[in-house]
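Visitor: Chains V and W, in that order, are what the protein sequence lines are. Using my numbering, read the first sequence as starting at 1 and increasing by one per residue. Using my numbering, read the second sequence as starting at 1 and increasing by one per residue.
It cannot be assumed that every hint is accurate.
Pairs of lysine to aspartate or glutamate, EDC-like flavour, derived with a Cα cap of 20 Å [what the hints assert, rightly or not]:
1) V:K42 <-> W:D70
2) W:K63 <-> V:D27
3) W:K75 <-> V:E18
4) V:K42 <-> W:E32
5) V:K485 <-> V:E391
6) V:K660 <-> V:D622
7) V:K42 <-> W:E33
8) V:K39 <-> W:D70
9) V:K39 <-> W:E80
10) V:K792 <-> V:E848
11) V:K44 <-> W:D70
12) V:K44 <-> W:E32
13) V:K441 <-> V:E120
14) V:K48 <-> W:E32
15) W:K75 <-> V:D144
16) V:K44 <-> W:E24
17) V:K48 <-> W:D70
18) V:K39 <-> W:E33
19) V:K596 <-> V:D144
20) V:K616 <-> V:D604
21) V:K39 <-> W:E32
Hints in this document: simulated from the structure, not taken from any laboratory. Just so you know, these numbers come straight off a predicted model, no measurement behind them.
Given next are the chains, with one letter for each unit.
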Amino acid sequence: MQQQTNISPPDWANRFLEWYCHPNLIDEIQGDLTEQFHKNSKNKGQLKARFRFIIDVIRFFRPSSLKQTQYFMNLDIIANYLKVAFRVFKKEKGYTFTNITGLALGITCSLFIYLWVQDELKYNQWSDDNELIHYVRANMPQDDGTVTWESTPYPLKAVLEEKYPSIDLVAATNWGSDIILKKGEEKIQSRGLFASPSIFEIFSIKPVKGAYEEMEKNETSIAISEKMATRYFGEDWRSQDVIGTMVTTHKGNQLTLAAIFEDIPRHSTMKFDYIIPFKARLANSPWIAHWGNYSNRTFVKINPSYNTETATANMQKAVQEHRPDVEDNAILFLQPFADRYLKNNYVNGSLAGGRIDYVRLLSVAAILILLLASINFINLSTARAAKRSKEAGVRKVMGAVRQSLRTQFIVESLLITGFAFIISSLLVYFLLPYFNFLTGKSVGVEVLTLEFVMLALGFVLTLGLLSGLYPALYMARMDPIRALKGILKGDRSNQLLRKGLVVFQFAITTIMIVGSITVYRQIQYIFEKNTGMDRENVIKAYMGDMEYSKDFQVYRNRLSNMPGIQSIATTDQDPLSVGNSTSDPSWPGKNPEFEKHFYVTGIDPNYIPTLDIKLKDGRNFDWDLATDTANYIINETCAKIMGLENPVGTDLSFWENDGKIIGVIEDFHFHSLHTPIEPLILRYDKEPWMILVKTKMGETKEAIASLEELHKEFNPARNFNFDLLDEQYNNRYKSEILVSKLTLYFTAMAIIISCLGLLGLVSFATQLKTKEIGIRKVLGASVSNILGIISKEYLIMVIISIVVACPISYVVLQDWLNGFAYQIDLSIWLFVSAGIVSVLLTLIIIGEQGIRAALRNPVESLRDE
Amino acid sequence: MSETPNLGSLEETILLIVLAMPDEAYGVSVAEEYQSRSGKTISIPAIHTVLTRLEKKGFLTSKMGGATADRGGRKKRLYEITPFGYKVLSELRETRETLWNIAPKFNI
Numbered sequence: 001m002q003q004q005t006n007i008s009p010p011d012w013a014n015r016f017l018e019w020y021c022h023p024n025l026i027d028e029i030q031g032d033l034t035e036q037f038h039k040n041s042k043n044k045g046q047l048k049a050r051f052r053f054i055i056d057v058i059r060f061f062r063p064s065s066l067k068q069t070q071y072f073m074n075l076d077i078i079a080n081y082l083k084v085a086f087r088v089f090k091k092e093k094g095y096t097f098t099n100i101t102g103l104a105l106g107i108t109c110s111l112f113i114y115l116w117v118q119d120e121l122k123y124n125q126w127s128d129d130n131e132l133i134h135y136v137r138a139n140m141p142q143d144d145g146t147v148t149w150e151s152t153p154y155p156l157k158a159v160l161e162e163k164y165p166s167i168d169l170v171a172a173t174n175w176g177s178d179i180i181l182k183k184g185e186e187k188i189q190s191r192g193l194f195a196s197p198s199i200f201e202i203f204s205i206k207p208v209k210g211a212y213e214e215m216e217k218n219e220t221s222i223a224i225s226e227k228m229a230t231r232y233f234g235e236d237w238r239s240q241d242v243i244g245t246m247v248t249t250h251k252g253n254q255l256t257l258a259a260i261f262e263d264i265p266r267h268s269t270m271k272f273d274y275i276i277p278f279k280a281r282l283a284n285s286p287w288i289a290h291w292g293n294y295s296n297r298t299f300v301k302i303n304p305s306y307n308t309e310t311a312t313a314n315m316q317k318a319v320q321e322h323r324p325d326v327e328d329n330a331i332l333f334l335q336p337f338a339d340r341y342l343k344n345n346y347v348n349g350s351l352a353g354g355r356i357d358y359v360r361l362l363s364v365a366a367i368l369i370l371l372l373a374s375i376n377f378i379n380l381s382t383a384r385a386a387k388r389s390k391e392a393g394v395r396k397v398m399g400a401v402r403q404s405l406r407t408q409f410i411v412e413s414l415l416i417t418g419f420a421f422i423i424s425s426l427l428v429y430f431l432l433p434y435f436n437f438l439t440g441k442s443v444g445v446e447v448l449t450l451e452f453v454m455l456a457l458g459f460v461l462t463l464g465l466l467s468g469l470y471p472a473l474y475m476a477r478m479d480p481i482r483a484l485k486g487i488l489k490g491d492r493s494n495q496l497l498r499k500g501l502v503v504f505q506f507a508i509t510t511i512m513i514v515g516s517i518t519v520y521r522q523i524q525y526i527f528e529k530n531t532g533m534d535r536e537n538v539i540k541a542y543m544g545d546m547e548y549s550k551d552f553q554v555y556r557n558r559l560s561n562m563p564g565i566q567s568i569a570t571t572d573q574d575p576l577s578v579g580n581s582t583s584d585p586s587w588p589g590k591n592p593e594f595e596k597h598f599y600v601t602g603i604d605p606n607y608i609p610t611l612d613i614k615l616k617d618g619r620n621f622d623w624d625l626a627t628d629t630a631n632y633i634i635n636e637t638c639a640k641i642m643g644l645e646n647p648v649g650t651d652l653s654f655w656e657n658d659g660k661i662i663g664v665i666e667d668f669h670f671h672s673l674h675t676p677i678e679p680l681i682l683r684y685d686k687e688p689w690m691i692l693v694k695t696k697m698g699e700t701k702e703a704i705a706s707l708e709e710l711h712k713e714f715n716p717a718r719n720f721n722f723d724l725l726d727e728q729y730n731n732r733y734k735s736e737i738l739v740s741k742l743t744l745y746f747t748a749m750a751i752i753i754s755c756l757g758l759l760g761l762v763s764f765a766t767q768l769k770t771k772e773i774g775i776r777k778v779l780g781a782s783v784s785n786i787l788g789i790i791s792k793e794y795l796i797m798v799i800i801s802i803v804v805a806c807p808i809s810y811v812v813l814q815d816w817l818n819g820f821a822y823q824i825d826l827s828i829w830l831f832v833s834a835g836i837v838s839v840l841l842t843l844i845i846i847g848e849q850g851i852r853a854a855l856r857n858p859v860e861s862l863r864d865e
Numbered sequence: 001m002s003e004t005p006n007l008g009s010l011e012e013t014i015l016l017i018v019l020a021m022p023d024e025a026y027g028v029s030v031a032e033e034y035q036s037r038s039g040k041t042i043s044i045p046a047i048h049t050v051l052t053r054l055e056k057k058g059f060l061t062s063k064m065g066g067a068t069a070d071r072g073g074r075k076k077r078l079y080e081i082t083p084f085g086y087k088v089l090s091e092l093r094e095t096r097e098t099l100w101n102i103a104p105k106f107n108i
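Just chain W, same shape as in the assembly (with noise of 0.2 Å):
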């Protein structure tokens, strides 16, 4: 577990956020697909350094996609999930579902 490094809750967020939209992640789409799931608002600035930071951490990979012209013909930096990213998310995923079968009902 030591050697896995940390995940934020935003940070893992956003990973899953990498994850449901292959091809097409990047800072705009992540930021409007984080604004629409969690109804909060992030700006850019913000976006860039958690992708930049789980890359460094080695959860995404990135490479340099095609220019539109509504970005005034600025090429994109593409993310994907790496094989090791996918397995840290499906640990604390299993993690949490082992943890949600013990807890008792609770009844609101």
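Pulled out of the complex, with its shape left as it was, chain V reads as follows (with noise of 0.2 Å):
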């Protein structure tokens, strides 16, 4: 008997069942599935048979199985909330417009900023295994700290094959160059790879046609992408017998077709266009295979039964422990390539976010504006119950129960929430393309999927039911006699709360404010900041084919003669960005255990004087020495590391040249103000790639007409390409200027919802306050006082929530500012100014209102009833 009371269906969905089950149907349903339970638990066991049960309960829970007045609710009663509903906006239109167009705001900028966020995420995510897919990257200790190297040593690439269980297929690729084609005449440059094979593996790159294999044997093949395939053999690619056959570079390079590839997504930080096997970039570089050069990049796949720790854990070592010429202490490790894009900050050897941190802060921005609306929505409502009390207190009197009053109120709120969606999606569909422009983004009508519209729809009415429900509860809730006398004042608990809420709507809205600020003048900072060289009126152009030796003689003499052109000068890296470094260099006096990397560029004689760097001690190079050549000229921070009081003059050797220190710079800054100022070392180098070009003052068109005149004739293969080098440098901080400005609408939009709340409440209280404003002016009020009476209480409000907002917006501000070597600094006067314009708007929607308010003759408003 026992053993049969316990074998028993769950109660909770029997429960459920018989809730929702149609009487009719119930006998058959209920049943027919005790039935299928007792002879599945004597077949299954009990477990899967009660798993069964439930599942049943819930696939049963549709509409043909319900209670007709679940889901059939009476029409006439919805009509009526529908035309309750409409009356109440007709009549109150202030109130509904407010309620609307906060609401609407709020909904458009989250949506804009879902659609941001969501097209960030996307980076990276388009490999098939991309769990597996990793990029090494070296930790690099040194005395101050370490650095992280995106670089690692060809050798590397072997040692990870063969020795480490962790790993299952290693590639390397150079940072990317750019092959010309020849087509008859017609020459098609395109961006792509010296890389390993196996990087077609390691991404799951499949071919369109051909194979990969011949790039293993063939160190002439090249594989191209669909794209590319399309520009160079017409559109009819695919029918054609393409695979096989020699491409020619312009340099009259003979390469076979080995396969064509899928195209890469756009959503990708690692682009190519083509893949020319890396045995051919040793073949013409052979120094790259030394352990010693830390050039180009891996990629791994790791075996499947390892995660990123326990690989990395495997690996770490890999070239401390294989590499033999000299003991060389890098710590690799394995960074996830989906994290490339959002996580790629790293200090002092962790990981410290990236743009992820913009991300997570434009996400929280989302959520406080819509909080902020919704605000303004439960404030409005709940401040309106006093006047809807009489309603309330009719509908209770003719035999409204709870329920229905609460439904009434929820399908207010709902309505008004749903057109606020309707507006915000139309301004959401006009607003696109302009942001898409100001993102540089092309997110199109491709992300109105079904999943988002119901998501956003579900979020919408989550959004109603949450704001609605507050007001509908309290109204509901109301005592009936006392709704009908209008006593309603002696509420304090809901008044506490509306003020409560009040005054966080005004701290969000002054963190927003001190924030937009601070990142507007941080960027202006940097703008404006003299960064020891003089980016304005520089041309960046590129040696292409041309010798320096030969070639560029002629060329620079005859642009210097040309027209808007200044002087010229040549470099092997760029001024902005010097990425070469070394620990080699050794002087007299050099601690041996001393150790740091210096970054090392190479210019010629001009290049001082063309970026109008100055020059603090010793000389400059000279054309006319060629002893010069093995001669170097440091920064000032490299003269400090080094330790040296008086450089020039001193021995300086590194890469197997023995020279002398012949002058000191000015510090300027060759990379982003995140960070510190390195000590670099300058050479002269006769293989420079780039031509920097100062154009005389306001003949920047000139130039760069001089310049691409003298391509065509000296570079007639390739594509014309300059940069401006303010602009570079401008682009630098395009996420932070994004940010910047981002952060500024989502500020104004933040004070224009808080001020129509805020409107809202002010011009309600004083409706409210109509007859005591008049008694007291009878007695003999003056508008001052009157006015002093409307404002005080808001007023109190603002400046508390300025002074709860002061010191979060110092913290996150500060710590964002942490993330610039160079920073301004938080004044109070920020702080200041920003109360300042949070009170002044409040004085102004108050005085609006109050001046109304108390200018009114006294006799209108006794007089009502």
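Given two chains presented individually in distinct reference frames, assemble the corresponding complex, making use of the accompanying hints.
Guide: Here's what the structure looks like:
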């Protein structure tokens, strides 16, 4: 018997079934399910039977088996709810307008942020085995902390392949290069990589035509993307027999076409339109195969039985254990490919965020703005409750139950959020092009998937329910007698909540004001900062196929006489991001334990004057001194680190070249302002690839024309490319500029929303106080007295909110500023001015309403009723 | 033809099963019979959907039957084929047989 009672379907599922099921159907449904349950528990065990039972109960929860009343709510009642709702909207246009506008603005902002965040999160997610793909990075311990490198030496590839079980596949790639293919007379330029053919297997890139095996054997082979195939072979390349044919570069090299691969998606940090086997690069530049040459990138696919941490633990000492020539204390680690875009900022050897910070920041902003809008809604609705209390009272007296009153208010709030949603959808639709322009993205209609629409709709309904819930519960709970008498003033908890919400709202607004001012000022600081070199009017052009000792000398002579050109210098590195570094340099008196990487860049004697870098001591390189190619110029930081009082004349040697320091320059920023200035050594270099051209003031256009003219003559095979140094400098802070613009917009939104809310509240409060004001006026109160009465309460709230906001914003902003090595100070005036703005806004809002109330003729206000 | 409601293949099988088990066709029994005949499993909610649909289309009628302890005291809904349902089924069978008769033998 005991056994018998134990075996029964889950009680709650049964109760749920009985709750929803139509009485005509309960017999067959519950009977069948129970019978099935007993059979199942005999055959398959109780656990499975219970599970089955629950699943079936849920599956029976469908319109055909529901009780009539539950889904078929009386249409008349719904119609009545809607009718009343629209009457209320019509009667209180201002209130409806405030609510809908506030919500629509809030939803629009959040939708845009959602789109932006979604787009950011899409990066590097395209590969099938994403969780296995990793990028090998190296932490280099130095005396003053660890630096994290993106480059690794080539011999690492073989070591990882053979010695470490955690690594399945390894590919070495360079940093990208251009290739120019000749198709008859036409020249087609595209960007791609020298890479080990295993790159395709690592990233699961399938061949559309051909196969990659050929590339392992033949180093003069090439694989191209579908896009490039279309450019080279025409639209109908799929029907042509192109695999195995020869393609010719502009220098006359022949490459066998091994395969055509799928295009790399747009949301990728790694893009290439062709791959040439890495071995071809090794043949041209054999020094790359040296352990000491950290010059290429290494991608790996880890064994599926490992994860990022365990695989890192397995291979982190690969360089230390296998580098044969010298001791190398590089500690390797694996960075998931999926993290390359958003989490790529390493400070002192450990991950310190990256773009993800901005993604988080804006997500928080989106939530806050929505919150502000919902608070408006709740505040206005509860405030209005006083006015509608009579309506609720009459309804109750007439027999309305709590449920129907609640539904009435929830229907109203759902309607308002519904309208707001429709408006904001239209806004998003029409503002999308502008949004794309602003953020540099190309979000299109494809984001409007069913999933997204359902999500947005579900979200809006929830928002409507949540913000309607409190007012609805509050109204439904009201005592009808008191409501009819109009006694509502005593409801303190309600007022307190409203005040609390206003304080919260204004605190957020103040934080956003302080935030946007700070971000804006920091960006201005970056743009106006003297970085130690003159980046105005400098054009970057490229050597291309010119040889320095021959064609370039002719080129330089001709160019210097052409319109717009002031001076011409050459270098082997971008002056805004010098990448080469070495720990090799030695000088007399160097501590043997000393470990620090020095940045190195090759220049010519025109470099320093062209960029207007100040020479502090010693002299510049001299064209006519042949011995100067062995000499060096260092920056101040370098002199400091080397511990030299009088560096000029000191011996300095590295890379098997013994020379002397002939000059010291003042520090200039050759990296972003996020990082402090590093030691830099300038050497006289005769193998540059970059040309820096200083233009005459205001003659940039002429200079570009001159450059292009000569380019056609000296580099006929290549496209003409140039960059403006100051533009490039500004581009470096693109995400900061974007965030600064976005915070500015969102702050404006927050201000508007909060002010709308306050406006609603104040206008409401003055309405309630109409009679009080009238009586006071009759008794002799002045306009300013009355204004004081109205505004005191709100001013106190706003001041409290400012007090709350200041410390919070200080902490958050200082944290953000700490990401810059060179930053502005957060002065007290910043907070004061933000506070003043908040108070002024409040005063304007209150003043407008208050003066209107105070000027009203008391006869009018006391006459009604 | 156009007046005859459409009969899907699952519906046809279930209709045949109801025809084959007079006086005993209700949710659980039909589901079991279907499982043992076709080897495929089917859930009670799915069987209910099919049976109700067949009744709506006029192929089946139903009445409430007896309760057992196994069913927690709940009654069964017993299904029975209508003459119309029988007619549609036999028409389908005739059409098929004619087609089978004219089809050439197929050697596998």
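Visitor: Run every hint past the structure and note whether it holds.
Guide: Results of checking the hints against the structure:
A hinted pair counts as satisfied when its Cα atoms are at most 20 Å apart, and K42 of chain V with D70 of chain W qualifies at roughly 12 Å. Only pairs whose Cα atoms come within 20 Å are accepted, and K63 of chain W paired with D27 of chain V is accepted, the gap being roughly 12 Å. Only pairs whose Cα atoms come within 20 Å are accepted, and K75 of chain W paired with E18 of chain V is accepted, the gap being roughly 15 Å. Our distance criterion of 20 Å between C-alpha atoms is met by K42 of chain V and E32 of chain W, whose separation comes to about 15 Å.
Pair hint K485 of chain V plus E391 of chain V holds up; C-alpha atoms about 11 Å apart against a cutoff of 20 Å. For the proposed pair K660 of chain V and D622 of chain V, the alpha carbon gap of about 14 Å is at most 20 Å, so the pair holds. A C-alpha spacing of about 18 Å is found between K42 of chain V and E33 of chain W, which places the hinted pair at or below 20 Å, so the restraint holds. Taking the CA atoms of K39 of chain V and D70 of chain W, the gap is about 9 Å. The hint holds against a cut of 20 Å.
With a CA separation close to 24 Å, the supplied pair K39 of chain V and E80 of chain W exceeds the 20 Å bound. A threshold of 20 Å between alpha carbons decides the hint, and for K792 of chain V with E848 of chain V the separation of about 15 Å falls inside it, so the pair holds. Pair hint K44 of chain V plus D70 of chain W holds up; C-alpha atoms about 17 Å apart against a cutoff of 20 Å. Our distance criterion of 20 Å between C-alpha atoms is met by K44 of chain V and E32 of chain W, whose separation comes to about 15 Å.
For a cut-off of 20 Å, the pair hint linking K441 of chain V to E120 of chain V stands: about 9 Å separates their Cα positions. For the proposed pair K48 of chain V and E32 of chain W, the alpha carbon gap of about 17 Å is at most 20 Å, so the pair holds. This hinted pair does not check out: K75 of chain W and D144 of chain V have alpha carbons roughly 83 Å apart, beyond 20 Å. Taking the CA atoms of K44 of chain V and E24 of chain W, the gap is near 24 Å; set against the 20 Å cutoff, the hint is violated.
The hinted pair formed by K48 of chain V and D70 of chain W meets the criterion: a straight-line CA distance of about 18 Å does not exceed 20 Å. Distance hint between K39 of chain V and E33 of chain W is fulfilled; the C-alpha atoms sit about 14 Å from each other, no more than 20 Å. Among the hinted pairs, K596 of chain V with D144 of chain V is consistent with the structure: their alpha-carbon atoms are about 8 Å apart, no more than 20 Å. A hinted pair counts as satisfied when its Cα atoms are at most 20 Å apart, and K616 of chain V with D604 of chain V qualifies at roughly 18 Å.
A threshold of 20 Å between alpha carbons decides the hint, and for K39 of chain V with E32 of chain W the separation of about 10 Å falls inside it, so the pair holds.
When each numbered hint is compared with the structure, violations occur for hints 9, 15 and 16.
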